[in-house]
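Participant: Sequence:
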Amino acid sequence: MNPAPIFISHRSEYARVARDLKRTIENTSQGHLDVFISEDIPRAAGAWRPTIEKHLREAQCLFLIYGAPYEDWSWCFYEAGYFTAANPPGTVRPIYCLVRPNVEPPGPLGHLQMATCKDHLIRDLMELYERNGIDFDAGDVRTAVATTLEQGLFGRIAEFDGYPRVRFTVQDAAFGKTAEIPATAVITGDQGVLGNLFRINASSISWADVMDAAATDEDRLFMSKWVEETACIILAARKNRFIAPQTVLIGRGGLRYRTVLDRARIQGDGTYACEFLAIDDVGGPATGLSSQQLTLLTTIRLGFRFRAELIQKFGLESNTLSQQEREARIQGIPRIVENLTIESRARGNINPDDLLAAFDTAESERMQKLLASWPVIKRELYRSMGLTEDGKTVGPGLTGADIDRYRTAFEALRLLNAEFLSRCCARVSRMMAKSEAELSENAKQLEQALGKLNGADLKSAA
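Add 8 to a position in the sequence shown, counting from 1, and you land on the number used in this note's numbering.
Hints in this document: simulated from the structure, not taken from any laboratory.
Quick caveat, the model's predicted, so the values are computed rather than measured.
Among the clues, some could well be false.
No farther apart than 25 Å at their CA atoms in a straight line, the calculated lysine-lysine pairs in the PhoX-like style are these [what the hints assert, rightly or not]:
hint : residue 1 : residue 2
1    : Lys247    : Lys185
2    : Lys185    : Lys233
3    : Lys233    : Lys400
4    : Lys321    : Lys386
5    : Lys30     : Lys185
6    : Lys452    : Lys442
7    : Lys62     : Lys30
8    : Lys321    : Lys400
9    : Lys247    : Lys233
10   : Lys233    : Lys386
11   : Lys386    : Lys400
12   : Lys233    : Lys321
Ranges between beta-carbon positions, derived for each pair [as the list claims (entries may be wrong)]:
hint : residue 1 : residue 2 : range
13   : Leu423    : Ala221    : 39 to 49 Å
14   : Glu446    : Gly203    : 48 to 58 Å
15   : Asp217    : Glu427    : 42 to 52 Å
16   : Ala370    : Asp217    : 50 to 60 Å
Glycine residues also receive a C-beta, built at the ideal position from the N, C-alpha and C atoms.
Using the sequences and the hints, build the whole thing.
Facilitator: As structure tokens, this is what we get:
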């Protein structure tokens, strides 16, 4: 007589406990039951889904190991549904749902026979063995379930709760065809957490109102970047893609946070939910530096940002621009310039006097000329795009003679950027540089210190 087939449905996270359940059933049934789990399919097998469905059709009963409600159970629900639909007329093929006592099973499982503790599972296994006429040892069944399965199947699921969390929720049906966050979306969390992040005294804030939480220009800059990036992260997660966060959020008291997506899912009620960890960020304005050093380092940082975000993206290789290319420059360049200017104030002010004082007299005079050239370059660059110096539109821009004006101003900006970076980097290098003799002496002292640390003559204070 062939062993009666049993099917265990589970998510991959519960593979270990599924294997334990398989071994327990096969051992305590004296080999009269043959238990199938998806891990039994050879890795090289190509017909994975037909194999699953074949075992579902042949199984006498199905055990469904249900874990956390926030996990995606769509495939397990499919297996349970297929198992039920394949029921031959006049046969009884039960489904046993193994669920933790502190977890409320979702609607699709509500009609199933629930096992929420070891006693329930022992009862179900004994009924199964008796129905198949299996001679079993009740004591062995109880011992096996209590020692091997109880904690894995019915214990509390350990979760990582070390960081504060915020949740983004919206009805999934509210997403349109455009890549935008629906206005009905809401961010929720502990009132203290949302207070630190968004400076509000509430446990929820609508997505549409997030920008209003920013109080200053610096806040709005970082908030707008956070909103833009987080929207991309949320939309990507709907397509099962993960984007690592780069932007920080400046919260209450100037504290900096980085929000990292922990999980995203469409819940049973149609709600699309994303949960973020709010992790302290260690960045911010440098401390322990002189005003000259801070100004130099901030200048270098912004110089590289100008180079990467503006100069390397918006050059002109021909006199012909598409409407899309024109708009990209006219809208993008003023925004980048404004953002970098505001960010320089947030991260550490650039003081022209401190910058010039960091250089020797001759080089300081050259740096002064470079500083004086920026307003002219900016004015003509904006003029070529049909903009005033404060970014207001006064003409079409980037047409006719403005193309040559743009190219000339842009080349001047490139040259200015290159010389600024070269001189500032060289000055910082000279500030930090040591002679070869000093470095050689440092190396000897370092080796002596390491020798003492590795030697037996150093006694522990303990």
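Participant: Are Lys30 and Lys185 close enough, with their CA atoms no more than 25 Å apart?
Facilitator: The hint is violated at about 45 Å.
Participant: Take a look at whether the Cβ-Cβ distance between Glu446 and Gly203 falls inside 48 to 58 Å.
Facilitator: Given a distance of about 51 Å, which is inside 48 to 58 Å, the answer is holds.
Participant: Honestly, do Asp217 and Glu427 meet the 42 to 52 Å range at C-beta?
Facilitator: 45 Å, holds
Participant: Has the given pair, Lys321 with Lys400, been kept, meaning a C-alpha gap of at most 25 Å?
Facilitator: 22 Å, holds
Participant: Taken at face value, is the distance from the CA of Lys400 to the CA of Lys386 at most 25 Å?
Facilitator: Measuring from Cα to Cα gives roughly 13 Å; hence the hint holds.
Participant: Verify the CB-CB distance for Leu423 and Ala221 against the hinted window 39 to 49 Å.
Facilitator: Since the Cβ atoms of Leu423 and Ala221 sit about 41 Å apart, the hinted range of 39 to 49 Å holds.
Participant: Holds or violated: Lys62 and Lys30, Cα atoms, limit 25 Å.
Facilitator: 18 Å, holds
Participant: Does Lys386 lie within 25 Å of Lys233 when you go C-alpha to C-alpha?
Facilitator: It holds: about 24 Å lies between the C-alpha atoms, which stays within 25 Å.
Participant: Taking 50 to 60 Å as the hint, is the beta-carbon distance of Ala370 and Asp217 inside that range?
Facilitator: At 55 Å between Cβs, range holds.
Participant: Has the given pair, Lys185 with Lys233, been kept, meaning a C-alpha gap of at most 25 Å?
Facilitator: Status holds; Cα separation ~23 Å.
Participant: Straight-line Cα separation of Lys247 and Lys185 no greater than 25 Å?
Facilitator: Satisfied, since the Cα-Cα distance of roughly 13 Å is no more than 25 Å.
Participant: Quickly compare the C-alpha distance for Lys247 and Lys233 to 25 Å and report which way the hint goes.
Facilitator: 22 Å, holds
Consistency note: the structure conflicts with earlier hint 5 alone.
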